[in-house]
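Enquirer: Now for the letters of each chain:
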Amino acid sequence: MTDRSNIPVLVADDDADIRELVAFKLEQAGYAVTKVADGSAALDAIRAHPPRLAVLDVMMPGLSGIDVLRQVRADGAFDGVRVILLTARSRDHDVDAGFASGADDYVVKPFSPRELLHRVTIVLQRS
Amino acid sequence: MNSTLSRHLLFVAIVVVTAACVLMISITGVARVLRTRSTRHDADARDAVHHAVLVVAAGEDDGSAASWLGSLARRDRDAAGAMIVGLLPKLQGEPAEVLVEIVRGYGSLDRAAGDLTSRSAVTRARAAWTLGLTRDHNDVEKVRPLLSDRSSEVRLAAVETLGRLRDVDAAGPILDTLSPSGGRAGVPAVTVAEALMRLGGGIVDELRVALADDDPARRDVAARVAGHQQLIALTPHLRQLLADDPSDVVRVSAAEALGRIGGIDDAAALAATCAETEPSPLRRAAAAALGELGHPAALPTLAALLGDRDRRLAEISASSLLEFGVEGRNVLDGVAADAEHGRAAAFALELDRLRGEPRGAR
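So the protein lines, in turn, are chains V and Z.
Using this note's numbering, the first residue of the first sequence is number 4, and each one after it goes up by one.
Using this note's numbering, the first residue of the second sequence is number 5, and each one after it goes up by one.
The following block holds chain V by itself, in its conformation from the complex:
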């Protein structure tokens, strides 16, 4: 397996079970994972220690994942941060809004952790 121990990844989800599950899956694959439970904490974490990739839930208390994404994309200092949105919102216009805001990928719940891991790998390979 590729050594991913130096690749920092942020996981932001207010659902503790999903946050732990995604973090666990990525840690098993070797990523260095930081976990936060809301959008404001995600933005703070990105500004303090920009990860290579952030997995953001869309519907979080306070700042949504889309809000976080827009603020990240508006700041050129974080051009290197790849973002995958993980959300239960599956309508076309939700997906369109995610990509229009600058998401690199969009994963809809219910999701397969294995597929999410593949997408993380692919998005990081593209960058």
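Don't read these hints as lab results, they were simulated from the structure.
Treat the hints with care, since some could be wrong.
Subject to a maximum C-alpha distance of 30 Å in a straight line, what follows is the list of computed DSSO-like cross-link-like pairs (lysine-lysine) [claimed, not checked]: (1) V:K112 / Z:K94; (2) Z:K94 / Z:K146; (3) Z:K146 / V:K112.
Since the model is a prediction, treat every value here as computed from it, not as a measurement.
Model the placement of chain Z on the given structure of chain V, informed by the hints.
Expert: Frame of chain V; chain Z shown alone:
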């Protein structure tokens, strides 16, 4: 003599009280130690269960975690079952199937099937919801009767569950739950629409019937689902609804659907729907649909709407123009400097700039 007896009695009383105090302190201490141990055991068990469920859910299990979870004592099964039931709606794939088998082994699904006829509406609704987590088509026959349950909460749970179980044959009965009956409220349109959207494209015939139904709620939901599922075979019916449905709500849904699945011919009808004589929600839906449709014939209509008195309509039209790429941006650039009519155009261009690379420049 009396004094000696009194002293003796006092001594005995002191000994008894002291012994009682020591005994009580000892009992309290032992109870505290036992409680601490029990709490620690519970916490350790919870952590172990939590970790095992994560291993299975993540697809990282070699079989040992699932086997261990299946062999848990009754007191620890509750914690495992609660965590699994919380995770299942958000998971799919093989790990989800393994988790379903674990809760099936706990007897949770058999209990849920039995609870479908409970006297408590809350229990019936919870039972339907639990069975929906299995995504096992064999459960549809058990849940379908709940679509006509006397409780609106149970009917709602049944609609969601049958959507999750992808019960195509229930499309008609699910649509029936929209109608109030016997003084009971119908299931909300959004819930019915979302359930039908999960059923895939095999419900075209039911939707075609619903699009011509007397009930506007049915026509509305059918139009929404047709657009979402991109059921192009239904576009003639959607055009009809947009043209002359008596309900503005239905016409809005038809406009949105045509924006998604309509063709070149629909640009003119949608443009006509943007006329000032039409209701605001309909004009806005038509302007957004023109953006989704993306046909150049819509450019003059959207350009004219940039100066509309309805500020929201002007903003939607500006956003729609951005969907056209360079051509749309040229229209926006042309009016953005106009203080009176260019406000929405300037706002859309600025918003697009903040979002990143301008769409027209791609």
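Enquirer: With the threshold set at 30 Å, check whether the alpha-carbon distance from K112 of chain V to K94 of chain Z stays at or below it.
Expert: Holds: K112 of chain V and K94 of chain Z sit about 5 Å apart, inside 30 Å.
Enquirer: Regarding the pair K146 of chain Z and K112 of chain V, is the alpha-carbon distance no greater than 30 Å?
Expert: holds, 26 Å
Enquirer: K94 of chain Z and K146 of chain Z were given as a pair; does the straight-line alpha-carbon distance stay at or below 30 Å?
Expert: The given pair, whose Cα atoms are some 23 Å apart, holds under the 30 Å limit.
Of the numbered hints listed earlier, not one is contradicted by the structure.
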